[in-house]
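Student: Here are the chains, one letter per residue:
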Amino acid sequence: MKKVYGSAAEALDGLLADGMLIAAGGFGLCGIPELLLEAIRDSGVKDLTFASNNAGVDDFGIGILLQTRQVKKMMSSYVGENAEFMRQYLSGELELEFNPQGTLAERMRAGGCGIPGFYTKTGVGTVIAEGKEHKDFDGETYILERGIFADLSIVKAWKADDTGNLVFRKTARNFNPPAAMCGKVCVAEVEEIVPRGSLDPDHIHLPGIYVHRLIQGEHEKRIEQRTVRKREDA
Amino acid sequence: MPWDRNKMAERAAQELEDGMYVNLGIGIPTLVANYVGDKDITLQSENGMLGMGPFPYEGEEDPDLINAGKQTITELSRTAYFDSAMSFGMIRGGKIAAAILGAMEVAENGDLANWMIPGKLVKGMGGAMDLVAGVKKVVVVMDHTNKHGDSKLLKECTLPLTGKGVVDRIITNLGVLDVVEGGLRIVETADGVTEDDIRAATEATLV
Chain A
1 MKKVYGSAAE ALDGLLADGM LIAAGGFGLC GIPELLLEAI RDSGVKDLTF
51 ASNNAGVDDF GIGILLQTRQ VKKMMSSYVG ENAEFMRQYL SGELELEFNP
101 QGTLAERMRA GGCGIPGFYT KTGVGTVIAE GKEHKDFDGE TYILERGIFA
151 DLSIVKAWKA DDTGNLVFRK TARNFNPPAA MCGKVCVAEV EEIVPRGSLD
201 PDHIHLPGIY VHRLIQGEHE KRIEQRTVRK REDA
Chain B
235 MPWDRNKMAE RAAQELEDGM YVNLGIGIPT LVANYVGDKD ITLQSENGML
285 GMGPFPYEGE EDPDLINAGK QTITELSRTA YFDSAMSFGM IRGGKIAAAI
335 LGAMEVAENG DLANWMIPGK LVKGMGGAMD LVAGVKKVVV VMDHTNKHGD
385 SKLLKECTLP LTGKGVVDRI ITNLGVLDVV EGGLRIVETA DGVTEDDIRA
435 ATEATLV
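Those protein sequences? They're chains A and B, same order as listed.
Reading the first sequence from the start, the letters are residues 1 to 234 in the working numbering.
Reading the second sequence from the start, the letters are residues 235 to 441 in the working numbering.
Don't take each hint at face value.
[Claimed, not checked] Listing some non-contacts, in silico: residues in chain A with all C-beta distances to chain B over 12 Å:
#1 Leu16
#2 Met108
#3 Thr163
#4 Gln216
#5 Thr227
[Said to hold, decoys possible] Derived CB-CB ranges, DEER-like:
#6 Asp202/A to Asp274/B: 24 to 30 Å
#7 Glu232/A to Val270/B: 39 to 45 Å
#8 Glu390/B to Asp138/A: 26 to 32 Å
#9 Gly383/B to Gly114/A: 28 to 34 Å
Don't read these hints as lab results, they were simulated from the structure.
Bear in mind that the values here come from a model prediction, so they are computed numbers and not experimental data.
Backbone N, C-alpha and C define an ideal beta-carbon position, used for all residues, glycine too.
Use the sequences and the hints to build the structure in full.
Tutor: Okay, here's the thing in structure tokens:
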């Protein structure tokens with residue numbers, strides 16, 4: 001079974017449909033599947049719902065799909081860095097479902113593990129808990145959160161072998177493993193596809209069972225907040 | 235003299251004990267890292283890292299290495315990386331000993347509001363709700379009053395909550411207060427500040 005495709009467009013061929021739910025990896029602009037997002041924009045597919053921690057910036061990440069009005073709804077924890085997002089949200093063009101960040105990650109992980117719901121203390125007594133089942137365990141109140149079962153997962157990793165085993169780099173791992181797990185189909189983009197056998201099996205972060213299609217490409221890897229310290233004089 | 239930002243951060247650092255895994259919020263809480271001294275403290279960044287290092291030198295920024303505020307940072311010899319589900323698993327699971335956070339309002343029953351002001355642009359709660367619900371000890375560091383001079387320590391929060399009954403200790407420019415049965419208790423006053431000064435600046439019940 002061949003998993004490696006020649007381009008993002010080829011890898012997405014036959015997988016896209018209007019109105020679908022896509023789980024995307026990444027935190028801010030770190031570890032986002034930037035090539036697959038461009039290919040989704042170019043496909044013209046619309047009315048998409050994205051489960052993604054953030055919504056990119058105006059001209060990068062999911063932001064490029066907001067410019068073209070291909071997104072109907074976002075399920076996110078923080079969307080502050082995107083002016084077009086705010087414009088569409090405030091004008092009612094875009095639906096937004098806020099999820100606490102850990103709840104969003106666990107909803108993805110749970111979906112990928114076949115768990116339709118779980119109880120958490122996060123959000124009890126806040127607007128997040130409104131309309132959700134409450135249940136007490138050992139004297140503490142929890143709310144029911146649902147697992148996410150996405151139609152498609154798109155993720156970005158550092159390295160892969162041709163069987164789809166993935167290795168991430170530093171904090172670019174973030175939402176990518178749980179996002180990959182919760183989709184019916186997962187497409188991964190990586191910086192380098194290495195020969196089978198050259199990754200240490202003990203060092204695989206996400207086994208290839210979760211990855212169905214794979215591309216290698218050049219990544220811009222934009223930095224959102226460049227912060228540095230001064231070198232002290234020797 | 236009430237405490238300034240650095241004095242508040244220095245006081246907050248006293249809350250940390252040797253060996254603790256800690257999550258620091260944005261703003262004054264970030265400064266706490268400058269005052270941990272010889273204590274063996276491991277900082278968590280909830281986007282997936284334990285052992286967060288300082289900002290990189292110019293030219294050494296790595297787009298794959300950022301903190302929860304999306305700023306470029308560095309790793310340490312103790313650093314470990316993991317995914318967001320595990321990161322919030324350790325938060326929700328009570329493995330993080332303390333979170334030091336900023337706030338807009340704290341109520342006398344420990345309710346915390348720090349994520350949205352109705353009518354203003356809502357950016358989202360990020361990981362704040364998970365942190366306050368999950369970590370063992372929540373310490374709030376904030377000014378005692380807002381820019382209009384109104385108390386930020388209230389009988390009840392007026393803003394949408396981040397968490398209910400979650401705050402353990404509040405460090406303000408005027409002193410240190412604990413959330414206890416029936417209200418807040420003054421634990422310490424800033425240099426030159428009296429308990430009466432704190433009473434005058436506090437709406438919450440003091441016990």
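Student: Thr163/A clear of chain B by more than 12 Å, beta carbon to beta carbon?
Tutor: Label holds. Min Cβ-Cβ 20 Å, cutoff 12 Å.
Student: Are all beta-carbon distances from Gln216/A to chain B longer than 12 Å?
Tutor: holds, 17 Å
Student: Could you check the hint for me, namely that Glu232/A and Val270/B are 39 to 45 Å apart, CB to CB?
Tutor: violated, 20 Å
Student: Just to be sure I understand the hint, the distance between the Cβ atoms of Gly383/B and Gly114/A should be within 28 to 34 Å; is that true here?
Tutor: violated, 55 Å
Student: Hey, is Met108/A genuinely clear of chain B, shortest beta carbon separation above 12 Å?
Tutor: With a cut-off of 12 Å, Met108/A comes too close to chain B, as the shortest Cβ separation is near 7 Å.
Student: Take a quick look at Leu16/A and tell me if its Cβ sits farther than 12 Å from every Cβ on chain B, holds or violated.
Tutor: holds, 25 Å
Student: Between the beta carbons of Asp202/A and Asp274/B, is the distance compatible with 24 to 30 Å?
Tutor: holds, 28 Å
Student: Test the statement that Thr227/A is away from the interface with chain B: the closest C-beta pair must be farther apart than 12 Å.
Tutor: violated, 4 Å
Student: Quick check: does the Cβ-Cβ distance between Glu390/B and Asp138/A fall within 26 to 32 Å?
Tutor: With Cβ atoms ~28 Å apart, the hint holds.
Of the hints listed earlier, those the structure fails to meet are numbers 2, 5, 7 and 9, in rising order.
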